[in-house]
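Residue numbers (this note's numbering), protein chains in the order written: chain A, 972 to 1197; chain B, 4 to 113.
Since the hints were derived computationally from the structure, they do not count as laboratory data. Some hints could be false.
Restricting the straight-line Cα-Cα distance to at most 27 angstroms, the calculated cross-link-like pairs of lysine-lysine (DSS-like) are [claimed, not checked]:
(1) B:Lys34 / A:Lys1090
(2) B:Lys34 / A:Lys1122
(3) A:Lys1098 / B:Lys69
(4) A:Lys1090 / A:Lys1070
Remember, predicted model here, so these are calculated numbers, not experimental data.
Each chain is listed here by its residues.
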Amino acid sequence: MSSAEAQTDNPHLAHHFESVEQQEESCTLGMWLFLAQEVMFFGGLFMAYAVYRYMYFDAWYAGSHHLNVSIGGFNTVVLLVSSFTMAMGVYFCQIGNSKWLFRMLGLTLILGIAFVGLKWWLEYTPKFHDGLFPGSGWGPKGHYADLANFKDQGALQLFFIFYFIMTGMHAFHMVIGFVILLVLMWMTKQNKFGPQRYMPILFFGLYWHFVDIVWVFLFPMFYLVT
Amino acid sequence: MSQHHIVTPKTYVTILCCLFALMALTIGAAKFHIGPADQHVYNLLVALAIAGCKMSLILMFFMHVKYGSKLTAVFATGGFFWLVIFFTLLFADYMSRIWNSPITPNPYGG
């Protein structure tokens, strides 16, 4: 089949590609290039974390033992399940079941919002309230009062700077995901996706799984310092 | 029409169960001190190894790297490979700073 024929045959094939296979390969590589950039972005944060953890291990240990492993663990489950529902969304899109694709995207959105909601209300808010936000308002009190006795308050603040920036940046990525999920759900209702056109769903899935991978590393590095 | 591999729900469910098991393992491993009493790095290595396994499962199956082209696999691992170089050079510097330091035996104060 020549490229001219291919174009008239398939409305999903853009004119600058020879074939659907070439189009899919190019798009996939582009998406992975974006993700490689994301790996480097979070990688810089992880390296800085590693250096300061090496320098101030006592502060990391003390800070980590004041994070809630139960909520962190529960949130890990929530995020892993949301990755599963997203993967199932790709499956339903590939077999042409728009109804279940929509449901899976919706479920992914709900689980994602649950993750960020739990994080905000049960983790960030008590820390803001009890003086664990680094900066001029720093001063552990209330539930975290015993941290006020820690000898090196500067190093302890450093731990919480990393905690808020890295988990916050992760949560920010999820919020961007919510917006894209809403757009994809709207497009699914318009019957824009199917076995011939599932790449947008697949690529958003790649992004969502990447954000899941970041959390897979954040969880032991912040909540489980032994 | 499409050449892309369709991963079955059964595979996805299996991977999800493996991820749950590994998560339980990482929480369990953090309850024990591994290695010499004054060393913390072994616990970290175990945690990173488990996280690495989880990452591989997500990459291979959820993110379809196992079913994609080799070029995709190169792109997928490129970023992580760069991190290994970054980490090696960075820690070659930081970990050797306390060697042969006549002024301050341990500049990090412990």
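Against the structure, the hints come out as follows:
| no. | hint | result |
| --- | --- | --- |
| 1 | B:Lys34 / A:Lys1090 | holds, 23 angstroms |
| 2 | B:Lys34 / A:Lys1122 | holds, 25 angstroms |
| 3 | A:Lys1098 / B:Lys69 | violated, 42 angstroms |
| 4 | A:Lys1090 / A:Lys1070 | violated, 31 angstroms |
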